[in-house]
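Student: Each chain, written out:
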Amino acid sequence: MGNISYEFPVEKDDFERAGEASSKIKKILRQLGMDSGIIRRVAIGAYEAEMNLVIHSLGGTIRIDIDPKSIIITAEDKGPGIHDINLAMKEGYSTATEKIREMGFGAGMGLPNMKRCSDIFEIQSIVGKGTKIVMKMNLKDGD
Amino acid sequence: MSNELNHSVILREDKCIGCTSCLKVCPTEAIRVRDGKAKIISERCIDCGECISICPNHAKSAITDDLSLLKKFKYKIAIPSLTIYGQFPSNIGINQILASIKRIGFDEVVEGRLGADISICLIRDYLFKNTSAKLPMINSNCPAIIRLIQIRFPDLIPNIIDIETPIEITARITKTNVSKKTGLDIKDIGVFFITPCTARVTSIRHPIGIAESYVDGAISMRDVYGDIVRNLGDNNTSDLGERSKESLLWPIAGGQAAALGIENYLEVDGIHHVIKVLEELELGKLKDVDFIECSACTGGCIGGPLVIQNPFIAKNRIMKYVRRTDELQCTKEKLNDYIEMYKNGFIRLTEEILPKPVMMLDKDISKSIQKLELVTEILKNLPGLDCGICGSPTCRAFAEDIVNGENKKAICMIKTMNGFKTKKI
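Chains as they are written, first to last, in our numbering: chain A, 1 to 143; chain B, 1001 to 1425.
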């Protein structure tokens, strides 16, 4: 059983390259011949995670682990960490500034969207240290 | 051989010197240089014609139909592309051009504006409000873009407007009318498109979205230009007839969005720019746009690989006509006719547009994962310069070609050279 992993660094405030990691992930999955349904879910999850790293974090990485049964996306950053995870998970809640919102980001849907497109969603955060999000998508037969 | 059957873009081996110009511009990585000659990977080629435009040795060419094909039909109709108006100096009138085309051997010349006007009315006054397409809608008339979407952006297939192209609409209506008028069988009526576009040639032979094209042949504008020039008569009228401003604008980048009167549109031309925009769209970044007008060629259809004039000059000429022409009037009655034709499938894309997963490494996911592992491993040993000297467009493509068993002989020159440099004597 083969498995394969890729890691993409994501810089804080790097709006110009934002979306590049998700784009590359999408290309890889397509090359692997995955079903478009699973590709869409992974791409949304990866894109939301990537945007969160750009907007909210001090920088971090997006990692993807692929095996024939599942895809795991791991987003890990160097801080600043989330104070209240339950609040952050609420739809529409965002700590993004007014400027970021005007740009069309920070709608408070990032984390809920990530959860929605994953089969297993885990989030750990330590204030001052960083946040780690793990999204697992299972490949069903036919996917 | 299969390439010649399926595609309009071909390589003339005698002229190819094996340079890498075309490798780098191909948007679907469909070209390899093997044994000193460029090769087109048939299933990847979208017939955009980028390689034709860039080739310094004119080794890339297009197979189009020959005028001799006219003999097969009892009644011959020419539909010149809307780009034709920009191919002649302004002192030569539109009617003069059309009369000359007729003299080449046609019974009738019908302008593509017939279909363009219908398309514009229908999209503007009906489809835009009642569309089944996802927003933002993507225009359906650039065949290279449709194929690009099939291969690289299959998620965007539902965004394509399901209406036939102006040329196909013109062909359908004209053929039906002529058959009624003359009593001839549809089979005896030949419709020939005078094309600036290589992708359109392929679409006539292998249509996407419809079962069969009503166009019987595509004649390259380049091939027939000399005949048109020779047959030009006197310019006795500068009358622009019933031509609409909108149909004149259609072949110019941005012209469709302008013709459709859509405020919130995005216009992008040149296939590599289109790819950038579609990548953003695919990521869900363009939620605030209603209509995306994509043209594979720079400048729109007037920048097609088979035109004569530079697209900027052609635009200047067409714009002179545009300023003198009235806007399209679409009456309610006409619109209802068009809606009817759309609903009964006569001018609609009735066949499903399917994704073409040609970039896939293997049908079996486990195997393709193994292959990708191997690709990644090989890539670690390559310089990453994407120089193309090996004959593959990028280092990544080089690795993929090895894994897929296609690349048996090619070597990385840079790596070999470095090997010599570090060798201890």
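Among these hints, one or two may not hold up.
Each pair of labels, with its calculated beta carbon distance range [to be verified]:
| # | chain 1 | residue 1 | chain 2 | residue 2 | range |
| --- | --- | --- | --- | --- | --- |
| 1 | B | Gly-1226 | A | Asp-13 | 50 to 60 Å |
| 2 | B | Asn-1418 | A | Pro-9 | 21 to 31 Å |
| 3 | B | Lys-1129 | A | Arg-17 | 32 to 42 Å |
| 4 | B | Asp-1234 | A | Glu-20 | 56 to 66 Å |
| 5 | A | Asp-13 | B | Ser-1132 | 36 to 46 Å |
| 6 | A | Glu-20 | B | Ile-1414 | 57 to 67 Å |
| 7 | A | Arg-17 | B | Asn-1006 | 34 to 44 Å |
| 8 | B | Asn-1316 | A | Leu-87 | 51 to 61 Å |
| 9 | A | Lys-78 | B | Lys-1276 | 38 to 48 Å |
| 10 | B | Lys-1415 | A | Pro-68 | 49 to 59 Å |
| 11 | A | Met-109 | B | Lys-1276 | 23 to 33 Å |
| 12 | A | Leu-87 | B | Ile-1414 | 51 to 61 Å |
| 13 | B | Asn-1381 | A | Glu-102 | 22 to 32 Å |
| 14 | A | Lys-12 | B | Lys-1276 | 36 to 46 Å |
Chain A is nowhere near these chain B residues, computed Cβ spacing over 10 Å in every case [to be verified]:
| # | residue |
| --- | --- |
| 15 | Tyr-1225 |
| 16 | Ser-1368 |
| 17 | Ile-1369 |
If you want the ones that stay clear, here's a sample from chain A, every Cβ over 10 Å from chain B, calculated [stated by the list, open to error]:
| # | residue |
| --- | --- |
| 18 | Glu-11 |
| 19 | Ser-23 |
| 20 | Ser-36 |
| 21 | Ile-39 |
| 22 | Arg-40 |
| 23 | Tyr-47 |
| 24 | Leu-58 |
| 25 | Arg-63 |
| 26 | Ile-72 |
| 27 | Gly-79 |
| 28 | Tyr-93 |
| 29 | Thr-97 |
| 30 | Glu-98 |
| 31 | Ile-100 |
| 32 | Pro-112 |
Since the hints were derived computationally from the structure, they do not count as laboratory data.
Computed from a predicted model, the values in this text were never measured in an experiment.
Even glycine gets a Cβ: it sits at the ideal position worked out from N, Cα and C.
Student: Hints first: check each against the structure and report whether it holds.
Tutor: Here's how the hints hold up against the structure:
1. Checked against the hint of 50 to 60 Å, the C-beta distance between Gly-1226 (chain B) and Asp-13 (chain A) comes to roughly 58 Å, which is consistent with it.
2. Separated by about 27 Å at the C-beta atoms, Asn-1418 (chain B) and Pro-9 (chain A) satisfy the suggested range of 21 to 31 Å.
3. Lys-1129 (chain B) and Arg-17 (chain A) have their C-beta atoms about 38 Å apart, which keeps the hinted 32 to 42 Å range intact.
4. Between Asp-1234 (chain B) and Glu-20 (chain A), the C-beta spacing of about 60 Å keeps the proposed range 56 to 66 Å intact.
5. Taking the beta carbon of each, Asp-13 (chain A) and Ser-1132 (chain B) are about 40 Å apart, inside 36 to 46 Å as hinted.
6. About 25 Å separates the C-beta atoms of Glu-20 (chain A) and Ile-1414 (chain B), a value inconsistent with the hinted range of 57 to 67 Å.
7. Under the hint 34 to 44 Å, the C-beta atoms of Arg-17 (chain A) and Asn-1006 (chain B), about 38 Å apart, fit the expected range.
8. In this structure the supplied range 51 to 61 Å holds for Asn-1316 (chain B) paired with Leu-87 (chain A), their Cβ-Cβ distance being about 60 Å.
9. Here the CB-CB span from Lys-78 (chain A) to Lys-1276 (chain B) is close to 30 Å, at odds with the stated 38 to 48 Å.
10. About 32 Å separates the C-beta atoms of Lys-1415 (chain B) and Pro-68 (chain A), a value inconsistent with the hinted range of 49 to 59 Å.
11. Remark: the range hint 23 to 33 Å for Met-109 (chain A) to Lys-1276 (chain B) is upheld by a beta-carbon distance near 25 Å.
12. Checking the proposed 51 to 61 Å range against Leu-87 (chain A) and Ile-1414 (chain B) shows it holds: the Cβ atoms sit about 54 Å from each other.
13. At roughly 47 Å, the beta-carbon separation of Asn-1381 (chain B) and Glu-102 (chain A) lies outside the given 22 to 32 Å, and the hint is violated.
14. The hinted window of 36 to 46 Å between Lys-12 (chain A) and Lys-1276 (chain B) is violated, with their beta carbons roughly 24 Å apart.
15. No beta-carbon of chain A comes within 10 Å of the beta-carbon of Tyr-1225 (chain B); the shortest separation is about 41 Å.
16. Listed as outside the interface, Ser-1368 (chain B) is inconsistent with that label: its C-beta sits roughly 5 Å from the nearest C-beta of chain A, within the 10 Å cut-off.
17. The claim that Ile-1369 (chain B) is not at the interface with chain A is violated, since a C-beta of that chain comes within 10 Å of its own (minimum 4 Å).
18. With a cut of 10 Å on Cβ distances, Glu-11 (chain A) stays outside the contact zone with chain B, its closest approach being about 18 Å.
19. A beta-carbon of chain B comes within 10 Å of the beta-carbon of Ser-23 (chain A); the shortest separation is about 6 Å.
20. Distance check on Ser-36 (chain A): its Cβ comes as close as 6 Å (rounded) to a Cβ of chain B, failing to clear the 10 Å threshold; non-interface status is violated.
21. Under the 10 Å C-beta cut-off, the non-interface status given to Ile-39 (chain A) relative to chain B is violated; the minimum distance is some 8 Å.
22. With 10 Å as the threshold on Cβ separation, the claim that Arg-40 (chain A) sits away from chain B is violated: the shortest Cβ distance comes to roughly 6 Å.
23. Listed as outside the interface, Tyr-47 (chain A) is inconsistent with that label: its C-beta sits roughly 6 Å from the nearest C-beta of chain B, within the 10 Å cut-off.
24. Every C-beta of chain B lies more than 10 Å from that of Leu-58 (chain A), the closest at about 23 Å, which supports listing it as non-interface.
25. No beta-carbon of chain B comes within 10 Å of the beta-carbon of Arg-63 (chain A); the shortest separation is about 14 Å.
26. Remark: the non-interface label on Ile-72 (chain A) is consistent with the geometry, its nearest Cβ contact in chain B lying 14 Å away (cut-off 10 Å).
27. Taking the minimum C-beta to C-beta distance to chain B, about 26 Å, the non-interface status of Gly-79 (chain A) holds against the 10 Å cut.
28. Every CB of chain B lies more than 10 Å from the CB of Tyr-93 (chain A), the least distance being 20 Å, so the non-interface label holds.
29. For Thr-97 (chain A), the requirement that its beta carbon stay farther than 10 Å from each beta carbon of chain B is met, with the minimum near 20 Å.
30. Every CB of chain B lies more than 10 Å from the CB of Glu-98 (chain A), the least distance being 18 Å, so the non-interface label holds.
31. Chain B leaves Ile-100 (chain A) outside its interface by the beta-carbon criterion, the shortest separation being 15 Å against a cut-off of 10 Å.
32. For Pro-112 (chain A), the condition that its CB be more than 10 Å from all CB atoms of chain B holds, with the nearest at approximately 15 Å.
The structure is inconsistent with the numbered hints 6, 9, 10, 13, 14, 16, 17, 19, 20, 21, 22 and 23, although it conforms to all the rest.
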